[in-house]
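Chains as they are written, first to last, in my numbering: chain A, 4 to 206; chain S, 98 to 249.
Hints are supplied without guarantee of correctness; some may be wrong.
[To be verified] 25 Å max Cα-Cα, derived SDA-like pairs, lysine to any residue:
#1 S:K113 x A:I84
#2 S:K113 x A:A112
#3 S:K113 x A:G76
[Unchecked claim] Just so you have them, the derived chain S footprint on chain A, three or more residues with Cβ under 8 Å:
#4 59–71
#5 76–89
#6 95–102
#7 162–169
Just so you know, the hints here were simulated from the structure itself, not pulled from any lab data. C-beta atoms are modelled at their ideal positions from N, C-alpha and C, and glycine is treated no differently.
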Amino acid sequence: MSDTATAVSQVDLSVVLIDICVLSMMAVTAIAIARLRSLFALVMLSGVYSLLSATWFVIVDAVDVAFTEAAVGGGISSALILGAMLLTVRVAKEDKPLKRLAPALVVIATGGVLLYATIDLPGFGDANSPANMYLAQEYLQRNYPDIGIPNVVTSVLASYRGFDTFGETGVVFIAGVAVALLLGFGERSLSASLAKRQKGEEE
Amino acid sequence: MSSTSDHHVILRVTAKFLIPIITLYAFYVQFHGDYSPGGGFQAGVIFAVGIILYALIFGVVDALTLVPAIFARYLALFGFLLYGSVGVVAMLNGGLFLDYDFLVAEGPEGHWGQHIGIIVIELGVLFAVAGSMLTIFYSFAGRAPEIDDEDW
């Protein structure tokens, strides 16, 4: 009996230690992002922050969200911001210290309210919480007879909520078209670069 | 890129090794989405990241020769329309928009309609996301002059 109790407490302790490590690394990264002025370091650190939050999502068993965060936040966002960074200067302007006072107060107040709100949240993995009871139960029971694929996330996303996903795909497509219309399609630079290269080879 | 100086050789060799693996992993995520985390959206993003990595290492000009900008944006459009066309086919077969059960004539116990519908719409999401992300990247990168080493 005492052996199992020790084992359980050991497991809990290691999980808690990992939690504390990941969360404190996220906090350190966030503080570094807020303090740094070099844009290149900022882009890299926001990628690091995304990977850490993906790790955190894995810890709380939200693997699909973690996957998306790692691919979108750590991968494509960093690459796109790197591309956008090249269009501007590399270092942010220094601002006066007092100018940051009002944003800091807003952030602290919002954080305090959010912390206060966590008191009312149900416990982690609570089977009786509203999120785990009504619709989630029904999806879990109906999924396999209805759709015939084991991953409930995919069947909710693609079949039960297929119309929503259609809209999301449309949003991504419209975002691509809008950015391309605002910034140009890139052919002009291609032809310019090719001309430059040809010129370089002739010389 | 002919102007690349020699000290990028490690980056280039590593990228050459990694880009096929990234692309293959994108297709794994795509076609394994019924059983494991991930699906069309993540696969499209990973696929686009592979091409963008190529563009960052070997230059945007070479990447534009590999995947032309016009191909990227028509890929996005094709994916979006592919998704919508699945819904229209379901409607033509007598069901509601995107009701995959009507894609294949089968009994109430059959799941082929659902399987085919999900695979095709995930392919549509893959094309739309990969094409849109590449279009966005080309729009940003197409405006920048060639990256000099001292800029980093």
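Notebook entry, point to check: Counting residues of the stretch 95–102 of chain A that have a beta-carbon nearer than 8 Å to any beta-carbon of chain S, does the count reach 3?
Noted result: violated (count 0)
Next item on the list: Tell me if chain S covers the stretch 162–169 of chain A under the three-residue, 8 Å CB rule, please?
Entry: Per the Cβ count (5), the hint holds.
Notebook entry, point to check: Is K113 of chain S close enough to G76 of chain A, meaning Cα to Cα at most 25 Å?
Noted result: Given that 25 Å is the threshold and the Cα spacing comes to 23 Å, the pair holds.
Notebook entry, point to check: Would the pair K113 of chain S and A112 of chain A pass a check requiring their Cα atoms to be no farther apart than 25 Å?
Noted result: violated, 49 Å
Check: Are there three or more residues in the stretch 59–71 of chain A whose C-beta lies within less than 8 Å of some C-beta in chain S?
Finding: Since 5 is at least three, the answer is holds.
Check: Does K113 of chain S pair with I84 of chain A here, judged by a C-alpha cut-off of 25 Å?
Finding: Satisfied, since the Cα-Cα distance of roughly 23 Å is no more than 25 Å.
Notebook entry, point to check: For the stretch 76–89 of chain A, do at least 3 residues have a Cβ located nearer than 8 Å to some Cβ of chain S?
Noted result: holds (count 8)
Figure legend: structure checked against the earlier numbered hints; hints not met, in rising order: 2, 6.
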